[in-house]
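Asks: Chain residues, written in single-letter form:
Number of protein chains: 2
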Amino acid sequence: MSLAQWDQLVLDGTEKTPLYKQISERIEQWVQEGRLKPGTRLPSERRLAEILKVSRMTITLANEDMKAKGIVRSQQGSGTYIMRSARSERVEGSTVWQHHFTYQLGSMSDEMEEIMRYGLDPHLIHLAGVGTAPEVHPGIELSQCFSEHLRKNPILLQLPAPTQGYEPLIMDVRKWLYDREIEANPREIMIVSGAMQGLDLISRLFLGPGDYVIMEDPGFLAASDAFTATGAKILRITLDQEGIRIDSLENLLMQFPVKFIYLNPTFHNPTGITMSLKRRKRLLELAKKYKVLIVEDDPSSLLYYGKKPVPSLKSLDEDNNVIYLQSFSKYLFPSLRVAVLVAPEGIVSHLVKIKQRIDLHSHNLTQIAVHAYLSEGRLEDHIEKLRQAYRGRLDLVHDVISRNANLRCHIPEGGVFLWCKLPCSLSAERLLDLAIQKGVSFVPGNWLSGVGLYENRMRLAFTHPSVDLLKRGLEVMNEIIAEHHAGQSC
Amino acid sequence: MSLAQWDQLVLDGTEKTPLYKQISERIEQWVQEGRLKPGTRLPSERRLAEILKVSRMTITLANEDMKAKGIVRSQQGSGTYIMRSARSERVEGSTVWQHHFTYQLGSMSDEMEEIMRYGLDPHLIHLAGVGTAPEVHPGIELSQCFSEHLRKNPILLQLPAPTQGYEPLIMDVRKWLYDREIEANPREIMIVSGAMQGLDLISRLFLGPGDYVIMEDPGFLAASDAFTATGAKILRITLDQEGIRIDSLENLLMQFPVKFIYLNPTFHNPTGITMSLKRRKRLLELAKKYKVLIVEDDPSSLLYYGKKPVPSLKSLDEDNNVIYLQSFSKYLFPSLRVAVLVAPEGIVSHLVKIKQRIDLHSHNLTQIAVHAYLSEGRLEDHIEKLRQAYRGRLDLVHDVISRNANLRCHIPEGGVFLWCKLPCSLSAERLLDLAIQKGVSFVPGNWLSGVGLYENRMRLAFTHPSVDLLKRGLEVMNEIIAEHHAGQSC
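Protein sequences appear in the order of chains A and B.
The opening residue of the first sequence carries number 1 in the UniProt record's numbering; numbering runs sequentially from there.
The opening residue of the second sequence carries number 1 in the UniProt record's numbering; numbering runs sequentially from there.
No lab work stands behind these hints: they were computed from the structure.
For every residue, glycine included, the Cβ atom is placed at its ideal position computed from N, Cα and C.
Just so you know, not all the hints are guaranteed correct.
[Stated by the list, open to error] Per the computed footprint, the stretches of chain A lying under chain B, defined by three or more beta-carbons under 8 angstroms from a beta-carbon of chain B, are:
id, segment
1, 157-170
2, 362-371
3, 469-482
Please construct the entire structure, taking both the sequences and the accompanying hints into account.
Replies: Quick look at the structure:
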């Protein structure tokens, strides 16, 4: 609901019920009436206090009261939200079950859900999450070549599926990797249900309370969630123009028993930075020296808009210290959930053991579809189409952004994200509140930090909406920044 | 390799190397030459001692030596196997990574892998695991109606997919459940990648070290693996003709802080027993009294061959204490990996949070395919076809089995398993060794027990092979039992 509507939350000063209780009860009532939808973000305490003409403390108390009743939840740096199932939490006695829970729910950020919610909201121009540009979406082509493939081999769906993956797809992938200087034998490759499942499997195999992982700051939100869910601690390192700061890295490796270093070295999410060849080699030396694994997440290295990026860590690794994750989400589409994990045999064999107990194997139907598509060599052509489409989009972005002196975005050499600087006087979360009201979503920089940095940064994904909507979305940003802030970019 | 070949493992009594070392080294050599395939089961110590004409102790020492080198692994009640990746375990320095592992690999049985391996071996008549009978396999029909569906709605694959599941499929499922007296609102339903993922999610949300789960003995192997992987303990209860023994159940509920009771009350795997209505009601009373959840696994209640079974626990539950798992694997085919989880909203909302961090959501392609199939009402007709086909198969089973006085199988009123008694003088594992050599696989009863029962029982799945192969497989069993054993069934 828009800010304006909050002033309809009428309070009665003469009532015996304290004001904070009245607020809490009205909001609960609105939720039950469906007037406030689950997931709605409440205005900040400060602003709600202004709107309702009460003290900040009253709002704080009201929020505490609603939290206790399970009507809202709040999250550091993310705001306060109406709970997904406020009513049921109490009516259905699931409070009984709440204290049966052992999963470290506390360790989970709400930002991921928030970003997914934006993606599902048809009224929003979705610059928060990644999707395949409609003008080059391969869905129809893929499903057509899939059904042709099935007509030719009707027996396919009757074959059992190995946990490690559909064998013909593993063979496609092996060749695909070979063309990228990664030599893997079939027992070093497994198919996972998206890179996220790969990270979950790796986390389960290696991590537990008391373990440490190193990752970039800012970095991939879903990865840090997967790591912390095990009880492990994350050590964050910032980046310079050559990638993760190597001096700080060795420093930490000397101090902490680190299980692995998680990196996105090529067209890094969100900064777009690509690690230099020199630093890649140094990193591999350190991995060898300190006997620590590297988990290389490589979702978009083929989406380069200038020259090809430097070789992957996996292709440079001579000591088998790298676990390599290659998702097809950025090349095909995210909802497909097919990714590849490459690791030493002794690790893959154990990850397969775990996956077998998690979901037996990834869906056959999808694996056969991707195989049908890959085996006909269509993926290369498709990726070339993507590069062209995204180059065009980046030119558009450049045109629109350059009109705004208060918004400075790094136009990346590859990948799917823009990393932008806002005026010091404007926090990205404040801008998000305003943008959402005007129908545009993005990710505030501080959501991607484990140490509270990047309050004045934002991540814009430029691949999901249509070109027109992308243009409109960026213009909306310009308007908001122009209206509200004349300050210099921070 | 067949038993005969083991005598080619020649030992040299004059050599300085002790005999156990010689054995270990020869076997390692055979593995490296590819002469022994990963997953091969070694003969029992007793029998290998006979073949090689050495003492039992020599074999024990050889096995210990090979285990230490990572050449073989052995599992209580299952035997000793060549490791999946014996070579790599050492060559690729993954021994370094081994002691980085935190996942409780020790808690995982090898039986699941063994059963899957049988399913993937084209030379075996697979009576160990479940599949859809080729004569009624819906794969082709399903993929055709899927591609028609996509042609009509080409936009489908471009839609983002919610973690909770593809909404139209959730709506199909809601109606589907309603027809089975289960009333669920859409927020109480989620789509999971097979019932196994449902069990994994439930285990992660509720279980940790020090927790207790109650389940049937014998019971579903993958379920006990999912539970123990969290560090939780399983309390096992045997069944009588009305299902799980309710007296022992209350006894345990009084003594232990049980998180949930996991049950397969209709056409139980493996015994085929269906819990009586009286006991279902009593069970629900106990769940309420002791504030314990019930997890009802219901994979095959629509595969009844006589009268319809009694209503599900979920449909009888008035206090919202039941989490219901309905897999489509037995109705469509296992490799599809689509199942439904129904639970109180407050639980589903948390399971969705966890799933989001595990694989974001289940594959869109498959969910759309199942929706296309369900929405056209084809599933009902298909299940009727399955019933007819499986009735016919059970008549065949009856004919073949009844010729053998030493093999007594319970012909079930529904489901996909036969539970058979062998002569006391013949253990199911011994029979399995002999059957594998003759190209037939099944599951020994003790693999399904957590307390070492059912050594002379076996589970036969009658749905996977063609009718001819099923007949042949059963006849092979008859032959082996006739040749080797005249004893009474145990």
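Asks: Hint by hint, say whether it matches the structure.
Replies: Each hint tested on the structure:
Check on the segment 157-170 of chain A: 7 of its residues sit with their Cβ under 8 angstroms from a Cβ of chain B, so the three-residue criterion for coverage holds. Proximity of the segment 362-371 of chain A to chain B, defined as three or more residues with a beta carbon under 8 angstroms from a beta carbon of that chain, is established by the 6 residues found. Three residues within the 8 angstroms Cβ limit are the bar, and the segment 469-482 of chain A against chain B gives 0, so the coverage statement is violated.
This entry does not satisfy hint 3, going by the numbered hints stated previously; all others are met.
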